[in-house]
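Can you build the whole structure from these sequences, using the hints too?
Top to bottom, those sequences are chains A, B and C. Taking our numbering, the leading residue of the first sequence gets 5, the next gets one more, and so forth. Taking our numbering, the leading residue of the second sequence gets 87, the next gets one more, and so forth. Taking our numbering, the leading residue of the third sequence gets 57, the next gets one more, and so forth.
Calculated from the structure, these hints are not laboratory results. Hints may contain errors.
Pair by pair, the computed Cβ-Cβ distance ranges are [what the hints assert, rightly or not]:
1. B:I526 with A:D182: 33 to 43 Å
2. C:G172 with A:M126: 42 to 52 Å
3. A:Y209 with C:N399: 57 to 67 Å
4. B:K545 with A:Y209: 29 to 39 Å
5. A:D182 with B:Q517: 33 to 43 Å
Owing to the predicted nature of the structure, the values given are computational and were not obtained by experimental measurement. Where a beta carbon is used, it is the ideal one built from N, C-alpha and C, also for glycine.
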Amino acid sequence: MLLRIKDLHASIHGKEILKGVNLEVNKGEVHAIMGPNGTGKSTLASVIAGREVFEVTAGEILYQGKNLQKLAVEERAREGIFLGFQYPVEIPGVSMTNFMRTAVNEIRQYKGLDALSGSDFMKMMEEKKKLVEITSNLTNRSVNEGFSGGEKKKNEIFQMAMLEPTLAILDETDSGLDIDALRIVANGVNKLRRPDNAFVVITHYQRLLDYIVPDFVHVLFEGKIVKSGGKELALELEDKGYDWIKNEQL
Amino acid sequence: MEPDSDKIIDQVTRQDYKYGFVTDIETEFAPRGLTEDTIRYISSRKNEPEFLLEFRLKAFRRWLTMKQPTWAHLTIDPINFQDIIYYASPKKKKEVAGLDQVDPELLATFNKLGISLEEQKKLAGVAVDAVMDSVSVKTTFSETLSKYGIIFCSFSEAVLKHPDLVRQYMGSVVPYTDNYFAALNSAVFSDGSFCYIPKGVRCPMGLSTYFRINAANTGQFERTLIIADEGAYVSYMEGCTAPQRDENQLHAAIVEIIAMKDAEVKYSTVQNWYPGNKEGRGGIYNFVTKRGICKGSNSKISWTQVETGSAITWKYPGCILLGDNSVGEFYSVAVTNNHQQADTGSKMQHLGKNTHSTIISKGISAGKSNNSYRGLVRISKNAINSRNYSQCDSLLLGSSCGAHTFPYIQVENKSSIVEHEATTSKISEDQLFYCQQRGIDAESAIGLIVNGYAKEVLKQLPLEFAVEAQKLLSVSLEGSVG
Amino acid sequence: MDPILENSITLERMLALYEANRQVLSADDTPILSGIRENAFISLGKLRFPDTKMEAWRHTDLKESLGRGYDYYLHPTKETDIQKVFRCNIPHLDTAIIGQLNGWYVSKDVPLMELGNGIIMGSLAEAKKKYPALIEKYYGQAAHDTEEVFTALNTAFEQDGVFIYVPAGVKSPKPVQMINVIQHPENIFLQSRNLIVVGDDAQLSLVHCDDSYNHQGSFSNIVTEVFLGRNAYLDHYKLQNINNNSTLISSIYFKIESAANLESHYLSLNGGLLRNNIRALFNGPHGNANLYGLYLMDRKQHIDNHVVVDHASPECTSNEIFKGILDENARGVFNGHVLVRRNAAKTDARQTNKNILLTDNARINSEPFLEIYHDDVKCSHGSTTGQLDTEAMFYLRQRGISEESARMLLMFAFADEVVAKIAIPQLRQRIEDMVKKRLQGELRICEQCVLHCSTPEKPLEFRVDVSKI
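Shown next, in the form of structure tokens:
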């Protein structure tokens, strides 16, 4: 078991958002989490990644048998948890190269590996850039600064490729993408799928799941997973809309 | 600059100040000038308790040691404080109960100003305290409000009926030592409004004070004290006008607000004192100290002001954010035209944790006027995780005016965030052309644009005030093309 | 016998000192210059030393600085080891170097260099003797003697400093580096005066360093007048890196003629009390001035930047960006005043001040002022003070970067907006290194020198590799 979430409750500024989430993810699986806006999808992603503004009030998250609560954001990242952001922040003055090199080497150091040499690192950058069809020279660009919406999302997948996580959580990676960018992002993800890693794909629309085919689909509604099923559940949702879930819950 | 603009500005500035009339009423005056005797005279006229006379005398003695401030971006002709009459009271004709108590002439005056003192003809849901020169003429709805335990009356009445409250809170937010004009007011204040909202009470109607200067050569020194006890809420409005005279008249007021735990006070002002004539003769010197303290946690004080009148305005309504999580707000539109001068802004002092403040200031300058925003934001060491956001925009109409921004920001801890931004703009020819192409004439277009520019502030006003304020803005600036 | 200001520097003492030494002070003056000096003395008599009740000095208290005893010299101090003056230059940067020791021009070979292309540089005292007409044309024409007490004091007392003259149409072939070193066994008070003239269509890059070599206290009152002729270009750098016992009052006055272009950078990395008075006056249309400041202060250091940009002519543009990081008990002051005068149509003026406080004992006063008398202008200002962007912190940490490294990256990025404006690559590299060191807490004054120049080639070691690949 890679990830086990048990009865997770989390709140922000005293307001409870997650009200008892249960979820299990095994290696080699792709899970999709769907649901209407404002039901806690992004909160769930943030809580797994360790965003401090959220307070876990009950329940636990076990990742590879470890209780994540005790780990800082960067420790979780170094343990292999990657969060693809819905709105990647712009960081002027920090170059992409510098940023990635620091991240890669700090993670390597954590794992007891030697730092990559400059040339090996550059080779790796070039290789991974191809994966998501990034053609621009990232060296002189600051993190996400001046990137278009599509570029930002491609950049997230690029970073995922660089850091080779065990558990990747992609928070609405499809939002704001045109069809070409969506295809590129999805292809990137599919190429990175392996038996020893897992993906949790958060999305509002079924569209992305045409490209990244999930093993399981969960519906998050008002802070709880209210329905789980196979990939056909996504199609059913597409067909009946979220009102169906709402009505069922009432 | 369009060729016509001078003509249009001309037209606008020829607009009459429609509140410039004088009421012919018998008035009783204190002797001209200021000595301890003047203060004793005022105090005895009001049958004040000893503590208040003491307070006045202390303030007066302090004032004598102080100097008029010069730091503001204002040119002020020397004020002869011995040439001012410090107390003027419309004479009462006879003592009868009820509304008849008020001289019909006064009622007519306030009616003419659009302020009805007859409860049946009231503004929808607003209680009014009407102050003429140095005395409160009439407070409406006092009885209705008293059912909720709310005290709303003239300051003089409060001194007599609720001396303990007055004693406890008067000067607690604006001490008489605060500044030159606060000291002067503390020595000679005549009347004003007093308001106390008890614990947990949401005041069922808006409260309002209307100030009118009528008598010549007099100064108006009113004092307002608002106390909102735990969990209370009140929306308070203030309006003012004065006759058209060639001499400058001094208005030096104090407003103090105390908000206890979970209380909220919203204070709105539409300031329309006589601004002087087109050549800059006459008009009110409006030197006012307004301050509120958010004493308890989660309390909130919000100031909204629309400043269109006065020859010179010098005021900085502010908040002392003492309670944790308390909130202070300041929304201002200040319009200056002709030779008007304004130096106005806000003072936000963050002392408690997680305190938030917002300052939105819109200055509009036309004619040969000068309009300055001056504001202080201080985040003290203990005010951790506090925030301030300030936006101070200036709109210039014509190139003979001045628009200035003087923010003072002091931050003393690492966890707080302060942001200040300001821009300066004019009404672009594109905007005008666009409106005109849609069939709107230049004057209306400017009215529209200025109101749009000030919208963020105007929308903070209570409904009863918003309409008046919008009209006022259009009237004072319509057509001043830049 | 040179005087010792035993207990404190007071205005009375300085006035008396002037009266007693009038002849010595004006030894190199022409009658006109002597008149300027005498006028400054008269102004001085009407002014007073600042206290915190004065608007311009509200946040900077000089009481302690003025209250120390100082040696004051009316003759050049002994040149101990001249080589040291030249040791602190920027590696790999080919510059013409002008050295000053304790405020006196250090004449290694000749007091005044006259280059083939007409450029003159060297001692101001010498230039007064050799080129009196040239000096008289500019001297005192930009500085504000009558209102500003330290400028009046400087004009009354200055005996030497640097003179640089780039004639019309001449482009200085390499950057000029002015190094102002303070080294003295006792506390020292010094006043030097610089005059820089960049003629019409001329160009100059000027790196102006203030350094101290030891821990001894000092009080420097330096006035620099800079004239940019029509269509002239000046790329100017002021590097401040003096010990924690020093007080530096640096007043610089730019007079910018039409279509001239000024780039001016203030990099304050160390100092006890630093006060920069920066005044830029547009004396003709279409001028442009970019003013950039970076201050990184810790311990009880104090930095005060007072910047006035006077748009006295139409169609000029100005842009100010001042950024600071304040650690420990440091205090920062930014007071920017953009003045757009009645005739200055089509002015475009921008002003930005951003600060980061790293402790609850640090403090900033930010006062970005706009004073505008014309409607056809584009003016804006912004001031922000706060923590490092929490969103960016989370993002970096989510990628596995430690909190400490993330903080360092973001601070460096914060400073980089100003550092990146440095046009001379070697200098930018040098400043980048110094900023890194400073942020790592490594740039402390060493035995020899604040610049660690004994090991300029030693690669800097950082846990975060912020070097460009």
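Please list, smallest to largest, the hint numbers that this structure does not respect.
Nothing - there is no hint that the structure violates, so all of them hold.
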